[in-house]
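Here is what each chain is made of, one letter per residue.
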Amino acid sequence: MSDTTNQLLDNLNALAAGLFLLTAFGIVAMRQARGCMTLFIVQSLLLAASAALLGLRHHAAHLYGVALVNLISKPIIVPWLLRRTASAEIYTRREIDQGLNIPTSLLIALGLAILSYFLAQPLLSAVAPEFRGPNVPIGIAGLLLGAFTLTVRREAFPLLIGLLVMENGAFFTGIAISRNLPLLVELAIATDGLIIVFISGVLIRAVQKHVGTTAVGELASLKEASDEPDGKEGVK
Amino acid sequence: MTVFIILLLPLIATALVCIPFKKHWAPGVTVVSCVAVLILSARIALRVAAGNSVVSTLKIGVLKWIAVDGLSALILLLIAFVATTAALYSIGYMGHEKLTPWKLRLYYINYNLFIFSMLAIPVLAEPTLVWIVVELTTLCSALLVSFENTREALEAAWKYVVLSLMGAGMALFGFLVLFAAMQASGSDGVYTWKGLIAAAPSMPPVLLQTAFLLILIGLGTKVGLVPMHTWLPDAHSQAPSPVCALLSGIETSAILYVILRLFPVMQASPNSHAETWALVLGLISVGTAAFLLLQVRDYKRMFAFSTVEHMGIILAAIGLGASAAGYGAVQQIVSHCVTKSFCFFAAGAALMAVGTREIAAVRGLIRRSPAAGAALVFGGLAIAGAPPMAVFLSEFSILKAGLTQKEYLTTGLLAIFIVIAFFGIMLHINRMVFGAPETKNNGTPGNNHVEPQPDEKAHLAFSCRLALILAAAPVFVLGFYIPEPLHDLLTQAAAALTK
Chain A
1 MSDTTNQLLD NLNALAAGLF LLTAFGIVAM RQARGCMTLF IVQSLLLAAS AALLGLRHHA
61 AHLYGVALVN LISKPIIVPW LLRRTASAEI YTRREIDQGL NIPTSLLIAL GLAILSYFLA
121 QPLLSAVAPE FRGPNVPIGI AGLLLGAFTL TVRREAFPLL IGLLVMENGA FFTGIAISRN
181 LPLLVELAIA TDGLIIVFIS GVLIRAVQKH VGTTAVGELA SLKEASDEPD GKEGVK
Chain B
1001 MTVFIILLLP LIATALVCIP FKKHWAPGVT VVSCVAVLIL SARIALRVAA GNSVVSTLKI
1061 GVLKWIAVDG LSALILLLIA FVATTAALYS IGYMGHEKLT PWKLRLYYIN YNLFIFSMLA
1121 IPVLAEPTLV WIVVELTTLC SALLVSFENT REALEAAWKY VVLSLMGAGM ALFGFLVLFA
1181 AMQASGSDGV YTWKGLIAAA PSMPPVLLQT AFLLILIGLG TKVGLVPMHT WLPDAHSQAP
1241 SPVCALLSGI ETSAILYVIL RLFPVMQASP NSHAETWALV LGLISVGTAA FLLLQVRDYK
1301 RMFAFSTVEH MGIILAAIGL GASAAGYGAV QQIVSHCVTK SFCFFAAGAA LMAVGTREIA
1361 AVRGLIRRSP AAGAALVFGG LAIAGAPPMA VFLSEFSILK AGLTQKEYLT TGLLAIFIVI
1421 AFFGIMLHIN RMVFGAPETK NNGTPGNNHV EPQPDEKAHL AFSCRLALIL AAAPVFVLGF
1481 YIPEPLHDLL TQAAAALTK
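Protein chains in written order, with the working numbering: chain A, 1 to 236; chain B, 1001 to 1499.
The set of hints was computed from the structure by calculation and includes no laboratory data.
Quick reminder that beta carbons are idealized off the backbone N, C-alpha and C, glycines included.
The reader is advised that the hints may include incorrect statements.
[Unchecked claim] In silico DSSO-like cross-links for lysine-lysine, where the CA-CA straight-line distance does not exceed 27 angstroms:
| hint | chain 1 | residue 1 | chain 2 | residue 2 |
| --- | --- | --- | --- | --- |
| 1 | B | Lys-1023 | B | Lys-1098 |
| 2 | B | Lys-1098 | B | Lys-1194 |
| 3 | B | Lys-1022 | B | Lys-1103 |
| 4 | B | Lys-1022 | A | Lys-209 |
| 5 | B | Lys-1103 | B | Lys-1194 |
| 6 | A | Lys-209 | B | Lys-1499 |
[As the list claims (entries may be wrong)] Each pair of labels, with its calculated beta carbon distance range:
| hint | chain 1 | residue 1 | chain 2 | residue 2 | range |
| --- | --- | --- | --- | --- | --- |
| 7 | A | Arg-83 | B | Phe-1480 | 35 to 45 angstroms |
| 8 | A | Pro-129 | B | His-1273 | 57 to 67 angstroms |
| 9 | A | Asp-10 | B | Thr-1100 | 52 to 62 angstroms |
| 10 | B | Pro-1201 | A | Pro-129 | 38 to 48 angstroms |
| 11 | B | Val-1032 | A | Asp-10 | 20 to 30 angstroms |
| 12 | B | Lys-1103 | A | Pro-129 | 52 to 62 angstroms |
| 13 | A | Leu-110 | B | Leu-1046 | 33 to 43 angstroms |
| 14 | B | Phe-1434 | A | Arg-83 | 28 to 38 angstroms |
| 15 | A | Ala-220 | B | Cys-1018 | 35 to 45 angstroms |
| 16 | B | Arg-1431 | A | Arg-31 | 45 to 55 angstroms |
| 17 | B | Ala-1436 | A | Ala-220 | 18 to 28 angstroms |
| 18 | A | Gly-18 | B | Ala-1015 | 26 to 36 angstroms |
| 19 | A | Ile-72 | B | Met-1001 | 28 to 38 angstroms |
| 20 | B | Thr-1230 | A | Gly-35 | 24 to 34 angstroms |
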């Protein structure tokens, strides 16, 4: 392939990576559960796009497979599974009560994104030039922002999205630096998200049915030194 | 081929359990499949102990990544052992819960899937595949933790899933970086545990160390190492007791096994600090757990904290670094596994007898249910490390190895923490079993978990008694006698910990 095409592919990949980061920020700031879901779908599409572009750029045919599985599993099956397992009420919920307010969250998220660039530098200098690219720092940022979402959110649904964002972030780096993983392994990693969603969906549904809330952040009856064990009248 | 059958059996059992049939069908199938797995694992362990290696002859799909060495065979055997005793124990325990047939089948479906995912951990040699089955263990066991569907159980399951999967995300990143390190080393070996050791000297240290730390923290979350341990006492106390035995007794060790696999790789790389990390994290875990043990209020949580303590001891033993400490560490894995599963069976028996998990609400258990009381005392003594039980012997060999290594400070700290934990556990057990019985203790809050109204003289089901005896045998025997094949297996397993 000519240099200009390669250049173009690199640029497109960089664009996908930039948008990937943007969606991660969006998920940190988004209050509506449905909005989080949409952003997650967009992010997964960008992950698939990046896999396809990298496959084209480096002639790694099995990255197409990865892209395809991502295209089917995350944007299509994940929302469907969630709709089946968790009720529609969770879907339309708007989260009022966050651990941190949105401007502060975004500021911290910005700090994490900058941090991930510094974290990526030593890794980038250790791998061969063909593996370098925007995927590594942005994947790390995805991982950190997902973890951050997990720490500040209290509703079950955004927490689940946070988990999936972490997974997307790790995989976003993975397709760039460990490109020659056996296809079987890559496919297994890509479908892993489905099982996560299924189990969490079942759990969320059970929590809603038996506890009557999906604000899982407020479930805190299990600890050592509380004077009066609250919530002991648990519904059977 | 044997390994393949071992992996297949729980899946077949899962399918069979789905069939609605007589009452004893599902438990029966599960026990039979677990016993078969145990026999096959013992055969593999014997073969490995005799010095033969077991690798898959089939080279298709996932099968080409099956390889069993000393360490894997040991973990495999332990998983099969606990799976068998826990399956036996489940018959009586779940029978006590008076469940609908569907709910009971659901339990056994989850149980068999969980066993499958655990059995796959030691026999697979490809790190990312191992990551996937570790993920599967979380997902298969989550619904077992939340099985009782109480508020607490659901809370525990949710915390368990979220924190474990958060760790899994980091570990995935670590394994991918590890693969990148393997590529950067320029070796054309296969990405397996063995291939990693061969390629380690030429890997870029920064990649290797990043991968190690990410995996240590990521999987350490699931092992219950201290800064990341918060979910463990919840999940390990809220699940049904046979599941607790599996989670605490062997699942934590099986995940720790994955971390241990990285130590020979790190040793092959110049100036890695893997041992220091292990020592620091291990000591922090032991210390924190020892002090938390003093103030627990729930006896199942007490055993769960003791798991955190023991995982810390094993990791610290690896951190001591000598081959003698390596032997001590694998011995500790064995003794912790058999003892902790026994402890949770005993705790389950106590729970069935009195219907509450609160230490303060249980007094004079020995008069109420002699079997449960005696089992609890035996289990408490054994897990705290009293001679002549298995844990005593393995802790002793770790401390001895530490002293011969001239690591006086760390060994001293370790010994102090172990003693504190001993007092913590025995204090509570002593009160529960021998304390003066209060006439009316039924009114205390929180005793409606299993049986709101405990029957007067609690009777323990035959299958539970059998499981208790089977689980107690190795706890006692391994305290003064290690059979020759087991010794060979332990030596081989310890050898797999160094390059």
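| request: May I ask you to test the hint 52 to 62 angstroms on the CB atoms belonging to Lys-1103 (chain B) and Pro-129 (chain A)? | output: Roughly 58 angstroms apart at Cβ, these two residues keep to the hinted range, so it holds.
| said: Can you confirm whether the C-alpha distance between Lys-1022 (chain B) and Lys-209 (chain A) stays at or below 27 angstroms? | reply: Given pair Lys-1022 (chain B), Lys-209 (chain A) is violated - Cα atoms ~30 angstroms apart, limit 27 angstroms.
| request: For the pair we were handed, Lys-1022 (chain B) and Lys-1103 (chain B), check the Cα-Cα distance against 27 angstroms. | output: holds (14 angstroms)
| task | Given the hint that Lys-1103 (chain B) pairs with Lys-1194 (chain B), test it: the Cα-Cα distance must not exceed 27 angstroms. | result | violated (43 angstroms)
| field | Range hint 28 to 38 angstroms (beta carbons of Phe-1434 (chain B) and Arg-83 (chain A)) holds or violated | value | violated (56 angstroms)
| query | Cβ-Cβ distance between Asp-10 (chain A) and Thr-1100 (chain B): within 52 to 62 angstroms? | reply | Given about 59 angstroms between the Cβ atoms, the range holds.
| Okay, Thr-1230 (chain B) versus Gly-35 (chain A) on CB: inside 24 to 34 angstroms? | Roughly 30 angstroms apart at Cβ, these two residues keep to the hinted range, so it holds.
| field | Hint check for Met-1001 (chain B) and Ile-72 (chain A) - Cβ pair distance inside 28 to 38 angstroms | value | Taking Cβ atoms as reference, Ile-72 (chain A) and Met-1001 (chain B) lie about 35 angstroms apart, which means the hint holds.
| query | Is 38 to 48 angstroms a correct range for the gap between the Cβ atoms of Pro-1201 (chain B) and Pro-129 (chain A)? | reply | With a Cβ separation near 23 angstroms, Pro-1201 (chain B) and Pro-129 (chain A) fall outside 38 to 48 angstroms, so the hint is violated.
| said: Does Lys-1194 (chain B) sit within 27 angstroms of Lys-1098 (chain B), going by the straight-line distance between their CA atoms? | reply: violated (49 angstroms)
| query | Are the Cα positions of Lys-209 (chain A) and Lys-1499 (chain B) separated by 27 angstroms at most? | reply | Violated, at about 52 angstroms.
| said: Does the beta carbon distance between Leu-110 (chain A) and Leu-1046 (chain B) stay inside 33 to 43 angstroms, or does it fall outside? | reply: Roughly 59 angstroms apart at Cβ, these two residues miss the hinted range, so it is violated.
Taken one by one, the earlier hints fail for this structure at numbers 2, 4, 5, 6, 7, 8, 10, 11, 13, 14, 17, 18, listed in ascending order.
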